[in-house]
Amino acid sequence: MDHNDQGTNGLPWSKWMESSANFWLSAAQSWQELSTSLADVSRSEEYMQVSLAIWKAFQPLWTGTQSSEAKESSAPPFDLLQALMRVMGSGGLSEELVKWLWDKGEITGRSIEELQRGAVKAWTGFHEKEIQPLLRIPQVGLTRVHQEKINRFADKFNTYQAAIMEFRMLLAVPMEKSFIEMKERLDKLREQGALAEEFKVYYGMWIKVLENHYMSLFKTDEYRQALSRLLDETAAFKITGNDLLTEFLEFLPIPTNREMDEVYKELYTLKKQTRQANKKISNLEAALTKKDAQ
Amino acid sequence: MNTFGMPVDDIMTKWLKGLEQSRERLLKSKDVLLGTLDTEIAKTPYDVVYEEDRIKLKHYRPTSEKQVNTPLLMVYALINRETMLDLQPGRSVVQNFLNMGIDVYMIDWGYPARKDRYLTIDDHVNGYLDNVVDFIRDRHSLPKINLMGICMGGTFAIIYSALHPEKIQNLITTVTPSNFETDQGLLHIWTKGLDLGRIIDAYGNMPGDLLNLCFLLLNPARLVIDKYIGFFENIDNKDFIENFVRMEKWIFDSPDVPGETIRQFVEDCYQKNLLIQSKMEVGGRLVELKNVTMPLINIYGKYDHLVPPGACNLLTSKVGSKDTEDLCLETGHIGIYVSSKFQRQFTPKIVQWLKDREGTPEPKIHENRPAAEAGQVSEPQPAQAVDLKSLPPLAMEPKLTEAVRRAEPVSENQTKQKAKTHKAVSGASPKKKKAPIETAA
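Going down the list, the sequences are from chains D and G. Quick note, the first sequence lines up with residues 1 to 294 if you use the working numbering. Quick note, the second sequence lines up with residues 1 to 441 if you use the working numbering.
With the rest of the complex left out, here is chain G (with noise of 0.2 Å):
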């Protein structure tokens, strides 16, 4: 026995061993890396039935019968692409909410080009954003509508629903930063002292590389080196590489961001922390979070690293409505909408939720009106031409792929832990409540 503790040939024997199955892997990976590999992502068919410069509206086509008459308008971060919403037939959070009844909108902000580097939050919010509401609500003959956003899609709903609360009748607000004053998270810890202005001075918009750059900084260890060991490993499995692929393609394509956008972002969220305390302004108008009347629904992540908990959970206690809830779920970032065991619990949570503040009756959708305004509407496009009876049931598939798990670091004490969540309020007489239950693992 050597030093080593085990003899040099076994030694040799397993590192011979470890060649020959890395040889072998490497040559079944050739068929494939060479065969036909299903990566395709936003499969869930759709019409663009409303454009205004480079963004566009998507209207889902439904799946089921209607069990929520208000139609849901899903905002997507400006960062990244809503495409995360529909990664794959199986797993996307869009599919699940058509096939429990809901009307899903959603907004895709498209590729920002140097042209747009001077529209700010206001042009977002007021404009693109406002456009759109207006045009569903006139679409289907509604006051108002049901609000869904995402990270700071979902800090862009809050102040939309401050600014025009008359539209919104519920509003829902997943893994979205309201709180920026917090050590939590290392963006917020970076970003305090950073002047991101003279990068957008210098490009003009925010270079989406450059944000993925900084997203892979947050744990290199995981996100640069064991993901890609995690790939090699994995490199002769045919299923496992077109997730892996599928979740590389929505990852890696990133829009820049408008560059005044991005600096009142940084300026006014993350530095001086101004929607929280009531002080952001917002198209010259002030942005009271008071305003924020209709139900709220806020939804985050524990082990979120890019907005964590203490960034998300003082909004309930700061808005005006007196339907407030929170549901913290044991994921992180991402996993609320890729994982099919957070899917389970966040879809059909928002639809019940949804469904228990429904009341109006149904409306006649207007295909043919005329949209905002500022707006066209083009004629329905087919997205794609596929059999909706060949679309699979709801939330079908329970295991998280390994590409997912490696997007998002897991630290040793979160795989301990058993699975908690806010309990959520839901029925006619909702409080703010944080009661915690237990799902299942």
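So here's chain D without its partners, still in its complex pose (with noise of 0.2 Å):
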């Protein structure tokens, strides 16, 4: 075994893993700068340009190799900053939001899970403590009630997003999980001699362990909590948002859902006592008839 290969500690694909990285990057990059002179960025280049990063920024985490001044470093490398504001930006939370977070050091963690549920919890306790109070200060004079209904949709939206993003933080953890088992796995292989050559094998057997995963945590109170939070504020946020449309519904002569749901309680209840009544009726024609036939 050529050890110059190795990462750091010793694992086979740190470095290729790395270089291939600064690679793909450096020629995203260029071929951004391409399209751009030529043309607006595409969704696509945008998109490999932050899978890049941040496949780049967690590649440490995922293959343990740690250059020595992060090792050094209490603080996480400013690439994994970067990759976590692409990650939690795309989930809910702006970027900005957390690199204030960040700087604030409310966001700690050495490994993904840490990171982004520190994130999840930084912006919850945030929210509860300095934003939420504020949407709750009593409202007073003439818009009272339309000022309420936006600060509670206001809130109700902030803790759904707090709820979407914990949802999907868990469900990234048995991806997470299967990666670090799929690494353990092929180094055994590999000490084995027993590597396959297709990499289909390699899928069939992620795709197994990955599901095996999946099936763990969704038996878990953690999981099924968060999911009953999520619903719950779904729930919330659907029914402070139908709240706010139907106060701006009621300045244009369209009916609103409320009020079409009264005529269609009243339509259901009527049609219900007219078939009950009509079956009445048939019941004592039948009777009739066939007393008449006696």
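Calculated directly from the structure, the hints in this document are not laboratory data. Predicted, not measured: the structure shown is a model, and the values here were computed from it. Cβ atoms here follow ideal geometry from the backbone N, Cα and C, with glycine treated the same way. Heads up, some of the hints might be wrong.
Said to hold, decoys possible - No more than 30 Å apart at the CA atoms, straight line, and that leaves these computed lysine-lysine pairs for DSSO-like:
| no. | chain 1 | residue 1 | chain 2 | residue 2 |
| --- | --- | --- | --- | --- |
| 1 | G | Lys144 | D | Lys290 |
| 2 | G | Lys192 | D | Lys121 |
| 3 | G | Lys14 | D | Lys188 |
| 4 | G | Lys56 | D | Lys265 |
| 5 | D | Lys271 | G | Lys66 |
| 6 | G | Lys290 | D | Lys280 |
| 7 | D | Lys272 | G | Lys115 |
| 8 | G | Lys144 | D | Lys200 |
| 9 | D | Lys280 | G | Lys279 |
| 10 | D | Lys219 | G | Lys144 |
| 11 | D | Lys265 | G | Lys144 |
| 12 | D | Lys149 | G | Lys272 |
| 13 | G | Lys192 | D | Lys208 |
| 14 | D | Lys200 | G | Lys17 |
Unchecked claim - Across the chosen pairs, the derived CB separations fall in these ranges:
| no. | chain 1 | residue 1 | chain 2 | residue 2 | range |
| --- | --- | --- | --- | --- | --- |
| 15 | G | Gln67 | D | Ile180 | 31 to 39 Å |
| 16 | G | Ser317 | D | Ile254 | 54 to 62 Å |
| 17 | D | Met182 | G | Lys14 | 12 to 20 Å |
| 18 | D | Gln147 | G | Lys279 | 44 to 52 Å |
| 19 | G | Tyr111 | D | Gln147 | 37 to 45 Å |
| 20 | G | Glu20 | D | Glu222 | 43 to 51 Å |
| 21 | G | Asp183 | D | Thr143 | 49 to 57 Å |
| 22 | D | Gly105 | G | Asp195 | 44 to 52 Å |
| 23 | D | Thr269 | G | Asp209 | 25 to 33 Å |
| 24 | D | Leu249 | G | Lys279 | 27 to 35 Å |
| 25 | D | Ile254 | G | Leu19 | 50 to 58 Å |
What the hints assert, rightly or not - Among chain D residues calculated to face chain G with C-beta under 8 Å, some are:
| no. | residue |
| --- | --- |
| 26 | Glu197 |
| 27 | Phe199 |
| 28 | Tyr202 |
| 29 | Ile207 |
| 30 | Glu211 |
| 31 | Lys219 |
| 32 | Leu227 |
| 33 | Ser228 |
| 34 | Phe251 |
| 35 | Lys265 |
| 36 | Leu267 |
| 37 | Arg275 |
Each of the two chains sits in its own frame; use the hints to bring them together as a complex.
Quick look at the structure:
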């Protein structure tokens, strides 16, 4: 085994991953520069940039390698912040907010899981402590009702976002665990000299590992609670959103859902009564016919 | 040799070969995807013979001489659509029944709108279903008909049979949850602590897309990733793509479920488990399982991840009927209906079971008799102009499509085990028996 090919902790593909990431990142940047000069940057290029940045940032965590600089420092490398900003940015928190929470020292952790949890927890805590009380300040005056609805909607939007992020984070855990388990399995296979030649074999192995991790997660109380919170917050967000929208719709000459629901309820009740009455009449008629026949 | 265990040249060669194969596949897929694809589902011809609000009653046109005189009414769930029972020619439960001489009716529950949010289980069972049963009884001048329920539709069929036993000759329940106190399925675990009432309050009805999302979350590795990897791997295979798209059409054709119905279903069944204890109330009446006195066959899938065996297999021991039977097939929730392999066991078994219990003379159909009071009979509508002679014979194609296989997760153990069923008890002196037999794998 050639140790020169290995990463700092002796894993075989660390160097390769690092150099590949550098290569593709620079290639993507060149491509982006070229395409920018020709036309607007496409979403796919942006996506590629983000993916590569995330890959490069998380590569030390996946491979278990860390630079000596990162090992000595208590703070994660800046690349990690960039990646986290991208991940959380697409998951509901703005990139600026993630950076701000990071700078405040609210986000801590040294693994993907810890960092994401840290970010969600920090945001939830910040919202509960700093924002929610402001949104719940009693409103007064002519616009009280409207303002309260707007504030309630803003509040529920934030708690809904937090619930979504928490849920998404949980769903990502099996994926991370599956990568770690696959790395261990591949290490063992490599030691045994039993590595397969076809990628499909590894894919089949990985999908089973992933499936098992999901099954384990889904049976936990933590998942059930997160799912329950997500549904509760979704419902609350929808209801407050509907309330607010109905408020605006009332200015327009169209019926709102609330009004239509009242009509539907009345229709439902009337139809049911009519059917029951029809059945009774039908039964009575049948009985009379039978009696007449006798 | 490097640390990967093989020369870098080999790795690169394989990688490039893989890329080349993918490129060729994609190029070929252009012909498949842009060409003519037969992805239509529910092609078996039928007439709509009864309509009430959003629901329709389909009567399938016979394809062979009647073997069982009593018509069979199939009741599907409110979740997803009944088209699953007629997914494609050659792999259609409906078509198999027709070819074996069964007179088939099926309820199409339609697409509930917001106005349907107040409809309860009572409205579905004692309203629509009862009217449909009355219509068929009246049309055939019969006191009783055969009833077959699928999944939630089976639960409705049990409730109906308990409340109206005088109208049901034989009851067939398939993948039907009746005991909800089980931890075998994730749905049963999850729904215990969920407050779905708030979602129903917020949306009016239970959104079909939300339900689908929940079903995908039952096994995201297979249903969100692996399934579509399979799709891309076979993107140049016309047959595969046609089957895959048919299945996708069915899976994501998800009507919303009326709010009050799903609320009661979750609260009374999933959370309180009232049905199996004969404590559930529907329309002010207690649903007592001892009133289910007609012959009952209860069919379920051993690897059903939605309605696991534990949710199904208590029923026969709780009903009042002395003629009951459990049949456990080595498949999942939908494998029973869409796999030709299991249809070869499933439909002939039901037909024989019905034949064994058939004793009434053939009645005449009164095509123009009025429907039950609440509904209206529409003129028979030609569903599709299909030459019946061109229809394929029964269960002609044994290959289970990859799309179907991927729609239901299969455990490692599952593939290793031999197929076993609980033997059906047929004949004149049936009693409760569960004797395992081996079936063709």
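Here is what the structure says about each hint:
For the hint linking G/Lys144 to D/Lys290, the alpha-carbon distance of about 20 Å falls within 30 Å, and the restraint holds. For the given pair, G/Lys192 sits about 27 Å from D/Lys121 by alpha-carbon distance, which is consistent with the 30 Å threshold. For the hint linking G/Lys14 to D/Lys188, the alpha-carbon distance of about 22 Å falls within 30 Å, and the restraint holds. Among the hinted pairs, G/Lys56 with D/Lys265 is consistent with the structure: their alpha-carbon atoms are about 23 Å apart, no more than 30 Å.
Restraint check: the Cα-Cα separation between D/Lys271 and G/Lys66 comes to about 38 Å, which exceeds 30 Å; the hinted pair is violated. Our distance criterion of 30 Å between C-alpha atoms is met by G/Lys290 and D/Lys280, whose separation comes to about 27 Å. Proposed proximity of D/Lys272 and G/Lys115 is supported: the alpha carbons are some 14 Å apart, at most 30 Å. Pair hint G/Lys144 plus D/Lys200 does not hold up; C-alpha atoms about 56 Å apart against a cutoff of 30 Å.
This hinted pair checks out: D/Lys280 and G/Lys279 have alpha carbons roughly 27 Å apart, not beyond 30 Å. Our distance criterion of 30 Å between C-alpha atoms is broken by D/Lys219 and G/Lys144, whose separation comes to about 44 Å. Annotation: proposed proximity of D/Lys265 to G/Lys144 is violated, straight-line Cα distance about 34 Å (limit 30 Å). For the hint pairing D/Lys149 with G/Lys272, the CA-to-CA distance comes to about 36 Å; that exceeds 30 Å, so the pair is violated.
Distance check on the hinted pair: G/Lys192 and D/Lys208 sit about 28 Å apart at the alpha-carbon level, within 30 Å; holds. For the hint linking D/Lys200 to G/Lys17, the alpha-carbon distance of about 13 Å falls within 30 Å, and the restraint holds. Checked against the given bound of 31 to 39 Å, the beta carbons of G/Gln67 and D/Ile180, roughly 59 Å apart, lie outside it. A C-beta distance of roughly 56 Å is found between G/Ser317 and D/Ile254, which places it inside the suggested range of 54 to 62 Å.
The given range of 12 to 20 Å is respected by D/Met182 and G/Lys14, whose C-beta atoms sit roughly 19 Å from each other. The given range of 44 to 52 Å is respected by D/Gln147 and G/Lys279, whose C-beta atoms sit roughly 48 Å from each other. Our hint of 37 to 45 Å for G/Tyr111 and D/Gln147 holds, since their Cβ atoms are close to 39 Å apart. At roughly 45 Å, the beta carbons of G/Glu20 and D/Glu222 sit within the given window of 43 to 51 Å.
The hint said 49 to 57 Å for the Cβ distance between G/Asp183 and D/Thr143, and at roughly 52 Å that hint holds. Evaluation of the 44 to 52 Å hint for D/Gly105 and G/Asp195 yields a failure: the beta carbon distance comes to about 37 Å. The beta-carbon spacing between D/Thr269 and G/Asp209, approximately 29 Å, falls within the hinted interval of 25 to 33 Å. Distance hint check for D/Leu249 and G/Lys279: the Cβ-Cβ separation is about 43 Å, which falls outside the suggested range of 27 to 35 Å.
Between D/Ile254 and G/Leu19, the C-beta spacing of about 56 Å keeps the proposed range 50 to 58 Å intact. For D/Glu197, the interface hint holds, the least distance from its beta-carbon to any beta-carbon of chain G being 7 Å, beneath 8 Å. A cut of 8 Å between beta carbons decides the hint on D/Phe199: the least distance to chain G is about 7 Å, and the hint holds. This hint is violated: D/Tyr202 has a C-beta 12 Å from the nearest C-beta of chain G, more than the 8 Å allowed.
Annotation: interface hint on D/Ile207 holds; nearest CB of chain G at approximately 5 Å, less than 8 Å. The restraint placing D/Glu211 at the interface with chain G holds, with a minimum CB-CB distance near 4 Å, inside the 8 Å limit. Hint status for D/Lys219: holds, given a least beta-carbon distance of 7 Å to chain G, under 8 Å. With a least beta-carbon distance of about 6 Å to chain G, the hint placing D/Leu227 at the interface is held under the 8 Å criterion.
For D/Ser228, the suggested interface contact is upheld, since its CB lies about 5 Å from the closest CB of chain G, less than 8 Å. Violation of the interface hint for D/Phe251 is found here, the shortest Cβ-Cβ separation to chain G being roughly 22 Å, above the 8 Å cut-off. Proximity of D/Lys265 to chain G holds as hinted, the smallest CB-CB distance being about 6 Å (cut-off 8 Å). Checking D/Leu267 against chain G by beta carbon gives a least distance of about 7 Å; that is within 8 Å, so the hint holds.
Checking D/Arg275 against chain G: minimum C-beta separation of about 5 Å stays under 8 Å; hint holds.
Hint compliance for this structure: hints 5, 8, 10, 11, 12, 15, 22, 24, 28, 34 are broken, all remaining hints hold.
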